[in-house]
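**Student:** Starting from the known structure of chain A, fit chain B onto it as the hints suggest.
Protein sequences, first through last, are from chains A and B. Just so we're aligned, residue 1 is where the first sequence starts under UniProt numbering, counting upward by one. Just so we're aligned, residue 1 is where the second sequence starts under UniProt numbering, counting upward by one.
Everything labelled a hint here was simulated from the structure, so no lab data went into it. Built from N, CA and C at the ideal position, the CB exists for glycine as well.
Derived lysine-lysine pairs resembling DSS-like cross-links, with alpha carbons at most 27 Å apart: (1) A:Lys57 <-> B:Lys57; (2) B:Lys47 <-> B:Lys57; (3) B:Lys108 <-> A:Lys131.
Which residues of chain A face chain B? A partial, calculated answer using Cβ under 7 Å: (4) Val123; (5) Phe167; (6) Asn183; (7) Asp184; (8) Val190.
Number of protein chains: 2
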Amino acid sequence: MTDGIPFAGEPADSHEAIMRATFRALREYGYAGLSIQRIADEADLSKSTFYHHFDGKEDLLLSFQEFILTEFNRIFQVESTGDPEQDIKTFVSLVLDDFPDCVETPDKNAVLGSYVEMRAQAVQNPDFREKFTETDELFARQLVQIIEDGIEQGVFADVNPETVSRFMITILDGVILQSATRNDNPVAGVRDTIDEYIEETLILGTYSSH
Amino acid sequence: MTDGIPFAGEPADSHEAIMRATFRALREYGYAGLSIQRIADEADLSKSTFYHHFDGKEDLLLSFQEFILTEFNRIFQVESTGDPEQDIKTFVSLVLDDFPDCVETPDKNAVLGSYVEMRAQAVQNPDFREKFTETDELFARQLVQIIEDGIEQGVFADVNPETVSRFMITILDGVILQSATRNDNPVAGVRDTIDEYIEETLILGTYSSH
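Isolated chain A, as found in the complex:
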């Protein structure tokens, strides 16, 4: 799992250093307070070095969206264990539970918060909208694969993998939005219900043979 930890180790190059600096500046100043000066300061680079990498703020933010989504894909990537019940629980747990603690790793709330702030830009920005649509689909396909494996192995009910997967991604998007924008812990209130939904909808034999 260490490979899946975001921000671990030294940044590979100054592009990555700028991306991490943007993440820190976003945490500190919010989206509206992001400026090239602040990002250059965080990255300990001159503005001219910055402009060697990016044309300007818009160019930077498109790259940063790419960076955050890549981190997201890395965090929420489930390696198939051959046991679809385990895999689907791992997937849900990656969204709902805490990252394993790790030096240099921002806590999950910081990553989810940045994700929500970037995602809200998609309301106005068609490039962002296109990218988030693709990423949602990528996550949905990952779940479809797990569900298809489960049906094939005879451990999941014969559901429509597409619709169950979309429904689950919607639930997880709701949890992410709430977690990043509420002052209580909304996960605690829905965790059991999500587990029950999976047990009742997908997993064969939970109520009969277990």
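**Tutor:** Same frame as chain A, now just chain B:
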């Protein structure tokens, strides 16, 4: 339902005129592009009249959050018909389906988009976070009431109204986030599954006696 239509009729006073102007400016320039000059221009007011009403941008944005949440509460308020099955379907339909068309009414995507942009500010702003937590709870309580009525009347299964309600609000928050930030129509992909969830979880007799 006309009472529930946002932005219908003339604004009651210049406070409301400024709120509507903020809404239009937000649609046009995005959250990062909101400025007092632009809002004053949209409202056809001088900046000095603006400052008669608000101390500054932060003060305005807190009022605007209040305004958007009031509109939200007005739109998503279900008058009990005495038939809980009908009421819960009305509630879901208010989130998932289109507003009835009405002169001066922005389309639902515009309202949901503004909601998501404001909600993303809560990542950074504790005042916003507190307010959105309250509003989520307000919606949840509305659903709890409908579910309790249904159980009492013997038409809903004996579920835990709190957990089912939280789960449904999470699903609807997920739909709202996706609808406002994707370039396809995510509601179409989950509508049937949400209806099925309600039928299977709540409504007694759907599969046996109907």
